[in-house]
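There are 2 protein chains.
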Amino acid sequence: MAETQEIRPQDDLQEHLLKVLHLLEKQRLVEQLVHKQAMPRHDLVESLVHKQHLAELQKFLDELHPADVAYILEALPLEDRLQVWNLVKAERDGEILLEVSDAVRESLIRAMDSQELVAAAEQLDTDEIADLAPDLPEEVVADVFKRLSAEEREELRAALSYPEGTVGALMDFEMVTIREDVTLEVVLRYLRLLDELPDHTDTLFVVDRQGRLRGILPLNKILVTDPETEVGQVMETEVVSFNPEDRGQEAAQAFERYDLITAPVVDANGKVIGRLTVDAMVDFIREKSESEVLGLAGLKEQEDIFAPIWESLKNRWTWLAVNLITAFIASRVIGVFEESIEKLVALAALMPIIAGIGGNSGNQTITMIVRALALGQINAANAKKLFAKEIGVSVLNGLVWGGVVGLFAFFIYHNVSLGLVMTGAMVLNLLLAALAGVVIPLTMHKLGRDPAVGSSVMITALTDSGGFFIFLGLATVFLL
Amino acid sequence: MAETQEIRPQDDLQEHLLKVLHLLEKQRLVEQLVHKQAMPRHDLVESLVHKQHLAELQKFLDELHPADVAYILEALPLEDRLQVWNLVKAERDGEILLEVSDAVRESLIRAMDSQELVAAAEQLDTDEIADLAPDLPEEVVADVFKRLSAEEREELRAALSYPEGTVGALMDFEMVTIREDVTLEVVLRYLRLLDELPDHTDTLFVVDRQGRLRGILPLNKILVTDPETEVGQVMETEVVSFNPEDRGQEAAQAFERYDLITAPVVDANGKVIGRLTVDAMVDFIREKSESEVLGLAGLKEQEDIFAPIWESLKNRWTWLAVNLITAFIASRVIGVFEESIEKLVALAALMPIIAGIGGNSGNQTITMIVRALALGQINAANAKKLFAKEIGVSVLNGLVWGGVVGLFAFFIYHNVSLGLVMTGAMVLNLLLAALAGVVIPLTMHKLGRDPAVGSSVMITALTDSGGFFIFLGLATVFLL
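So the sequence lines, in the order shown, correspond to chains A and B.
Numbered per this note's numbering, the first sequence finishes at 480, counting up by one with no gaps.
Numbered per this note's numbering, the second sequence finishes at 480, counting up by one with no gaps.
If you are wondering where the hints come from, they were derived from the structure by calculation, not from laboratory data.
Keep in mind the model is a prediction, meaning the values are calculated, not measured.
Certain hints may be false.
[To be verified] Restricting the straight-line Cα-Cα distance to at most 25 Å, the calculated cross-link-like pairs of lysine to any residue (SDA-like) are:
1. K221/B with E238/B
2. K385/B with E25/A
3. K26/B with L386/A
4. K385/A with L24/B
5. K314/A with A388/B
6. K271/A with R179/A
7. K385/B with V84/A
Let's have the full structure, built from the sequences with the hints guiding it.
This is the structure we're talking about:
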């Protein structure tokens, strides 16, 4: 009997990576040896030794889960990565391409010819081909399409027709449907005819003659119920289902809220056309949060850490350019007050404090509001309350922190009026931050745009330029 | 036969909330009426009408999923929230408390007396009680503990003994274990004896006499295999399992990587002591990403949007205080160069550009590195390559954007040297940003600290003060 083989996820991964690096290193040494000696008669022996390491590496890779191979590919510099990629069995190419990050996928696809790509795609389910399609050359997609059955073509067409981020783009087509007027005994016999159930099948979908959803039958229920019972008697009729046009974000929230494993996707007529599975939702949630964090730092996508410098630059430039423009504007605001600064140079040293804390406070407010909007917690009835609260927070913050910076200014420059202007400017800039922190995301939400994208730049730009203007303006009026 | 009731997650939620608000509003009108008229003889009638709305609301709440009640509670101002909370059936209190956010949970618990809290906790599984325990008064926990069976006490003690964020704190104790030397027929009979299987059971854990893990048997496999087969013949022996001390983060990544639904947790002797389920992992991933985004904006936790101002201030002050200190330092750096600024006031207008872009670029680098660290992609072998790449990116960025800001300075102030100093300062500050962006997270990682926490403040502080110093320093040396 086989001994239980425990898989200890994180340790294993690091070990796998080290082993691959080790084998690559060994092989490199052999190659250097062959190169240095350049003795023709040794060729055969060397090539055998050489191949030995490659063979060992290949065997090792064959035993790894596709996701683990993907992990190794992502952690290797480009040259090593392509060498390892060549050792991966062709029939596993497709599933591994699905697992790697977008940037690494591009680097692998670039190294494959059309034939290899077609072969890789052919190993996949139609919903997976659809996931890969945007990264594949058009002729490859066309070629794959030609080789599919009529039914599969229909599925692929459907999957490709839904915009990214919708339920339609996230669903798959593998599911088991049954009728409600049969007994569990019959269902059990039917299931035994199948070699295996689709991954993650936790419920069977009960449909009528037209394929319309009638309910769901959890596998658990089949196992604990008398086989003579009819499906209709034990199936659940309160079903969380989705339309293909629904937003993936909402589906993910529903999976989280109702602890779902799979859920049917139905069209406008109630016909079951696919299903969502929790693993797709987990990936979706991770990618969403990933791109949210990356977006906050102005990165368009997760970088291949070994990408050429040029690729990195492309990933980062948009954001830097936008910020440069807002910095120029802030600079010109200061420029307007150059005379004041010449008269009282302390202003130059103090002004970044007002702008900086305004930006921090505004980002706190905006993050709060964006979260609450994403959770659907804000509506017309409570928006006013929220607004009042943020104003209250900012006024208190302004008085407290404004007081602190006022004292700071007073102790450094021994100027009471300067301290008071600092305090006043802080209160006003924090008020501006609170106003904008509520209004910007609510407005973007109303306009149907994602309030998480770009609102942080906007508020920082506003509190920078606004902060400089308020502080230097107050100083010019009251101090000079 | 029951009609299928479709649940359309997001729309439903909004509707539910509106319905609750509507009923609360109606009730409020009635109360005002009673109050205004103050006619004793009408009391009875009014009170009946009054109660009618409450009864309707209560009935409505009873039919909602606990997670949906939690959603409504979170979206209601404190007064309404407590009114609704009072209408919730006592036996549902526990599961709803588990679903609401930390801040809202505190507000609900504050409104309950010890007896109610004990009753609520008693409805829960031991692993759920453990989740709730930190928020409960000590005497309530002690009281609950006393009422548990010996076995449950052991479970609760175990669950409470593992630090937050470890597998031990995330696992539950509901699982079905079987022996490998019985047939599937026997397993099926055994399952039928159970009323229902624990939630999310997708596999049974196969153990030996000592309770040590031998393998797992997916339910799917039971359904498609001949019942005469022995468990040992069809069970899977390559099992992803966890130790209770493992980090939840690693478990979550493994669930994502291997598309798991449940996984056994084993102690040092290989004995199965609990299990992880995908729904706990989904919650964990969401909370992690939530707190990451909140942390980036300097919020300690998700705020109850209707919390009193004072609670909000506590949530935000640490971050503002830290930023104020770094702003003071930057201000003093500028202070050192006040003479230079007096001589050439353009410096004051231009210096925020250098500091700002440096901060943006540094945050891009640090975000990249923190991601790669979290995914375990960085090791001694490739750290150098990564370093070289970031330096390359920053030099190129410095030349390009430095050139742009140099031109900007030249066009505004018609001073070639000033433009050149801008360009030079930009290159140097971006270099500083790249260096710090790699070194800060790697150092924190080496010291065993979470590089995601605080590294953004540190780099911004460095590129602010550093940027001012570099720019004003260069200007003082070369321009004055």
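Find the hints from earlier in the document that the structure breaks and name them by number, from lowest to highest.
none
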